[in-house]
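Each chain is listed here by its residues.
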Amino acid sequence: MKEVGLRAYRAMEMARAFDTKISALYKAGKMYGGVFLGRGHEAIAASEAVFLTKGFDVYNPFIREQAGRCAWGYSVLESARCYLGSTEGCMRGRDGNIHWGVPQDGNPAPISHLGAMVPVVAGMMLAKRMQGVEGAVAVLNIGDGTTSVGATHEGCNVIAVEKLPVVIVVTNNQYAYSTPNAQEFGCADLVDRGRGYGFATHACDGTDFLQTLATMQRAVAAARAGEGPQWVVANTLRMCGHGEHDDASYIPAELKAAYADRDPLLIARRQVQEQGWLTEEEVAALQAECADEVQRAMAQAQKEPTPIPAETDWSSVSWKPSRY
Amino acid sequence: MSVTYIDAIHQAMAELLEEDPSVFLYGEDIAGKFGGAFKATKGLADKFPGRVRNAPIAEDAIMGVAIGAAIGGMKPIAEMQFADFGILALNQMCNNAAAHYFRTGMPLNVTLRMPCGGTPGGGPYHSQMVEALFAHFPGLHVFTPATVADAYYMMKQAVQIPDPVVFLEHKFLYRWLKADTWQEADPLPIGRARIARPGRHATVVTYSAMVPETLRAADELARTSGYQIEVVDLRTVKPIDTDTILASVARTGRLLVVSEDFPWGGVAAEVVARVASEGLHLLDAPPLRLSSKESPVPYHPDLWKAHRPHSEDIAAAVRYLITL
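Those protein sequence lines, which keep their order, are chains A and B.
Per the working numbering, the very first residue in the first sequence carries number 1; after that it's consecutive.
Per the working numbering, the very first residue in the second sequence carries number 1; after that it's consecutive.
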């Protein structure tokens, strides 16, 4: 566990450093469009992705899974490029912020419409099965809000019918934008949804790094071992606004206070030391290293070219009829 | 021996499955002995085990799975039981598949087959034309074959072309339209309209099941009035062959566009707009449109026949056009 634990923890530190930087740049008016942070989600995202192999497995992070992208193996430089629209980045300024991916790596580029990627990931795993690939799994992120969307239901049902090796991680951060759980779903617990679809189910306190890591390890291993689809409900609180434009003033002060000492990154820092994996000095050194890497990535992405409209190939299809 | 329009589609899919192991079929009720609501896939599941797959009744998921499989390197042919239900897959097709190449640089080789158009007794939800909806979005090719040979050739091309293709097969033509063979010595390339009948007094641009309807009108006009009507079959509404349309209008000076779709917007409006803006000087009279009525498609056969353009309506519209 130490090796994956340290990789996951490093991804959490890197994601927090990145989020801190983009938040500052947003507030300084240096970002286009929205900026979306993963505060409170880091342990979940890092733990789910650290058990995957880029280029073999499938990983579909979305809004708050910067830590997962790091654990999967993408440098923060790629995230910086996507936010800033660099033509060196995989989206080349054509899409941006958190809507990016490298489908060739098994990392599809999510569209904004919640739930739409659930059947897409099912299709990616169906393709692997038809191509005779064995042992690959997919991890797919949805949130409490996404469980309401029809596409999610349709996709989960297909995954169960086809018995695909997919781990759906439902991060319940208690708010879909400003809408609390009580206005989002009527079932007692989102675990019941997974059971209803025919998934094996798991639940964890997503603020507890080691507990989350162990839960994700079990779920991913079960899917990889052929035990069919897995449903993990990871509970946390979104410790930021929906985006940086949103002050989250609708989250009651008492609820925020209840999570004041449950920042998953602070818990992880404590736990890696308690485990004897790192010393206090090593934790401090890692934080500095991550801050430096983020700084370099942002500086580089800011220097890189952005798309030139007149030189852009605006084709929306790869094939064109031949002229006659 | 005579073959039908649906035989041609069946034959094309059988050959595609035979020729390319990455091709598979996915849709409702298409597998097993049943072979689809219209029997387009009958017998294929036995011949190609595992490659003709039944999907749950979930159109968004059918398209989502097809997109994911294409990301994974397969060439899925998804089937909607009726084009009207394909509207439930609009999000996946128009927001996800259509945008994919522009966003990520990776073309998606997905084909979406949809039986479209009216038949007696079909009613509001088993009759609609949806080509304009799909054609509106950048990133999709939209095929509307009107002959047995085109049904075969264009189905095969739909999979050869690496982008998403919406293949709209008219269910009225399925068993009504017959030919000696689906083979054509020298098929027109995709993207090129066909002069279905040469003429000099007026041009009628049309597609899908309105092609045979218009040819009947042209025969009637030739017999009764001596008018020679040039009938242009668009074959693909996107890409649209503006050159062939303009060349025909240059010969005749008059334009009528016939479509089975509702009148607001749509392919007929697009053709008129293109001719008006690129070839106004070629016109001796205002360009006209003839579409179905501005109401849902009705159930009773008498109402249905009055709702869609009939050869007599087309002949009357041409006679009026020639008086202008």
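There's no promise every hint is true.
[What the hints assert, rightly or not] Computed list of lysine-lysine pairs in DSS-like fashion (alpha-carbon distance at most 27 Å, straight line):
1) Lys163(A) x Lys42(B)
2) Lys320(A) x Lys178(B)
3) Lys39(B) x Lys156(B)
[What the hints assert, rightly or not] What follows is a list of derived Cβ distance ranges for each label pair:
4) Gly105(B) x Gly198(A): 51 to 57 Å
5) Glu227(A) x Glu15(B): 56 to 62 Å
6) Ile57(B) x Gly276(A): 34 to 40 Å
7) Glu15(B) x Asp246(A): 52 to 58 Å
[Claimed, not checked] Listing some non-contacts, in silico: residues in chain A with all C-beta distances to chain B over 10 Å:
8) Lys2
9) Glu3
10) Asp95
11) Asn97
12) Leu255
13) Leu266
14) Gln295
15) Trp319
FYI, nobody ran anything at the bench for these hints, they're computed from the structure.
Glycine included, each C-beta is placed from N, C-alpha and C at the ideal position.
Satisfaction of hint between Lys156(B) and Lys39(B), Cα-Cα up to 27 Å: Cα-Cα ~18 Å, so holds.
Distance restraint evaluation - Glu227(A), Glu15(B), Cβ atoms, bounds 56 to 62 Å: violated (39 Å)
Hint check for Gly198(A) and Gly105(B) - Cβ pair distance inside 51 to 57 Å: violated (36 Å)
Least C-beta distance between Gln295(A) and chain B, which was stated to exceed 10 Å: holds (28 Å)
Outcome of range test on Cβ distance (Ile57(B), Gly276(A); 34 to 40 Å): violated (54 Å)
Beyond 10 Å from every chain B Cβ - status for Leu266(A): holds (36 Å)
C-beta pair Glu15(B), Asp246(A): status relative to the range 52 to 58 Å that was hinted: holds (54 Å)
Least C-beta distance from Glu3(A) to chain B larger than 10 Å: holds (29 Å)
Hinted pair Lys320(A) and Lys178(B), Cα distance within 27 Å: violated (31 Å)
Pairwise hint evaluation, Lys42(B) against Lys163(A), where the allowed Cα distance is 27 Å at most: holds (26 Å)
Interface exclusion of Trp319(A) relative to chain B, criterion Cβ beyond 10 Å: Violated, because the least Cβ-Cβ distance between Trp319(A) and chain B comes to about 5 Å, which does not exceed 10 Å.
Given as non-interface: Leu255(A), which should sit over 10 Å from chain B by C-beta: Holds, since 33 Å exceeds 10 Å.
Taken one by one, the earlier hints fail for this structure at numbers 2, 4, 5, 6, 10 and 15, listed in ascending order.
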